[in-house]
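Here's the letter readout for the chains.
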Amino acid sequence: MIAGLFFFMTATIGFLRFPDFYTRMHATAKGDTLGTLLFVVGLALYTLHHGLHWFGIVNGIKLISIAVFWFLASPTATHALLRSALESDLVPWTKDGKVMLTWPPKRKTK
Amino acid sequence: MEGFFLAVTLALCVTILLSLYRGVFGPTVFDRIIGAGFIGTKTIIVLLCMGLIYDRIDMFIDLALAYSILNFIGTLIVSKYFIRKGAR
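These protein sequence lines are chains A and B, in that order. One point on numbering: in this note's numbering, the residue at position 43 of the first sequence is 47, and numbering is uninterrupted. One point on numbering: in this note's numbering, the residue at position 30 of the second sequence is 18, and numbering is uninterrupted.
This is chain A alone, in the form it adopts within the complex (with noise of 0.2 Å):
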C-alpha cells in the first residue's frame, strides 16, 4: 500500500512538471495503473486479517476484479486518448523545437 501511494505521488509530479501532453500522459498512466494496483490488491490482503471468514473472502474477490479491470481499463483509456491527440494534430514536444512525428504517417513513394 505504501509503494502504491508512492507511485501516486510520483505520477503526480511527473503530471506537474513535464513540459508536453504526451510526456504527462505517459508519467499518469503507468503511476495511475502500478499505484492502483499495488494499493488494491493490497487492500485485498487486508480484508482477510481477520482470518478466512466468507465476509472477508468475498469482499477479497471483489478488490481483485476491481484490480484487474482497472489494469485492463487505463491503457486502454490512456490508447484512445493518444490516438484522438494524435489525429487532432498536437505535435510532441522535442527539446530544439523540430517536429519529429507527423499524422497521418507518411507513405514511402518511389
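A few of these clues could be false.
What the simulated footprint calls covered on chain A by chain B, stretch by stretch (three residues with Cβ under 8 Å from a Cβ of chain B suffice, anywhere in the stretch; the number is not a length) [to be verified]:
| id | segment |
| --- | --- |
| 1 | 6 to 17 |
| 2 | 25 to 31 |
| 3 | 40 to 46 |
| 4 | 74 to 85 |
Reference excerpt, derived from the structure (chain A facing chain B, CB under 8 Å, subset only) [unchecked claim]:
| id | residue |
| --- | --- |
| 5 | Leu20 |
| 6 | Asp36 |
| 7 | Thr51 |
| 8 | Asn63 |
| 9 | Lys66 |
| 10 | Leu67 |
| 11 | Ile70 |
| 12 | Ser88 |
| 13 | Ala89 |
| 14 | Glu91 |
| 15 | Ser92 |
Selected chain A positions facing chain B (in silico; Cβ < 10 Å) [unchecked claim]:
| id | residue |
| --- | --- |
| 16 | Gly35 |
| 17 | His53 |
| 18 | Ser69 |
Simulated from the structure, these hints should not be mistaken for lab results. If you're wondering where the values come from, they're calculated on a predicted model, not measured in any experiment. Quick reminder that beta carbons are idealized off the backbone N, C-alpha and C, glycines included.
Here the structure of chain A is known, so what remains is to put chain B in place on it, guided by the hints.
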C-alpha cells in the same frame, strides 16, 4: 490501523488538489481529460479507504467498482468526441 488509512486519504487529497491545478490550467483539452481521469482513479482509492475507516467496506467496494467503470467509459467517450474539434 485507522490512522494509517486516514493518513493515506489525506495524502491522496493533497495529490488530487495538485492534479486539479493541471486540470484547470492545462494548456490543451487533453490535459484536462487526463486530469479528470487521474482524479477519478484517486477517488476510487479514497472511497476504499473511507470504507475501511467507517467499517462498511462491503458497500464502498461496490461504489468504487461502479465509479471505476464510469471513469473508464467517460474517458473513452470524451477522447472520441474531441478528435477533430481542434487541440488548441
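The hints, checked one at a time:
1. Given as covered by chain B, the segment 6 to 17 of chain A passes the check, having 6 residues with a CB less than 8 Å from a CB of that chain where 3 are the minimum.
2. Counting residues of the segment 25 to 31 of chain A whose CB lies closer than 8 Å to any CB of chain B gives 3, so the stated coverage by that chain holds, three being the minimum.
3. Look at the segment 40 to 46 of chain A against chain B: 3 of its residues bring a Cβ nearer than 8 Å to a Cβ of that chain, three or more, so the hint holds.
4. Given as covered by chain B, the segment 74 to 85 of chain A passes the check, having 7 residues with a CB less than 8 Å from a CB of that chain where 3 are the minimum.
5. For A:Leu20, the interface hint holds, since its Cβ comes within 8 Å of a Cβ in chain B; the closest pair sits about 6 Å apart.
6. Hint on A:Asp36 holds. Least Cβ distance to chain B is approximately 5 Å, under the 8 Å limit.
7. Taken as an interface hint, A:Thr51 checks out: its beta carbon lies about 6 Å from the nearest beta carbon of chain B, inside 8 Å.
8. At about 6 Å, the closest approach between the beta carbon of A:Asn63 and any beta carbon in chain B falls short of 8 Å, and the interface hint on this residue holds.
9. Of the supplied interface hints, the one on A:Lys66 holds, with its beta-carbon coming within about 5 Å of a beta-carbon of chain B, less than 8 Å.
10. A hinted interface residue such as A:Leu67 counts as satisfied when its beta carbon comes closer than 8 Å to some beta carbon of chain B; here the least separation is about 6 Å, so the hint holds.
11. Below 8 Å, beta-carbon pairs count as interface contacts, and A:Ile70 has one with chain B at about 5 Å; its hint therefore holds.
12. A cut of 8 Å between beta carbons decides the hint on A:Ser88: the least distance to chain B is about 4 Å, and the hint holds.
13. Restraint check, A:Ala89 versus chain B: the minimum CB separation of about 5 Å is within 8 Å; hint holds.
14. At its closest, the beta carbon of A:Glu91 sits 5 Å from a beta carbon of chain B; the interface hint therefore holds under the 8 Å criterion.
15. Checking A:Ser92 against chain B: minimum C-beta separation of about 5 Å stays under 8 Å; hint holds.
16. Checking A:Gly35 against chain B: minimum C-beta separation of about 9 Å stays under 10 Å; hint holds.
17. This hint holds: A:His53 has a C-beta 9 Å from the nearest C-beta of chain B, less than the 10 Å allowed.
18. Proximity of A:Ser69 to chain B holds as hinted, the smallest CB-CB distance being about 7 Å (cut-off 10 Å).
Consistency note: the structure conflicts with none of the earlier hints.
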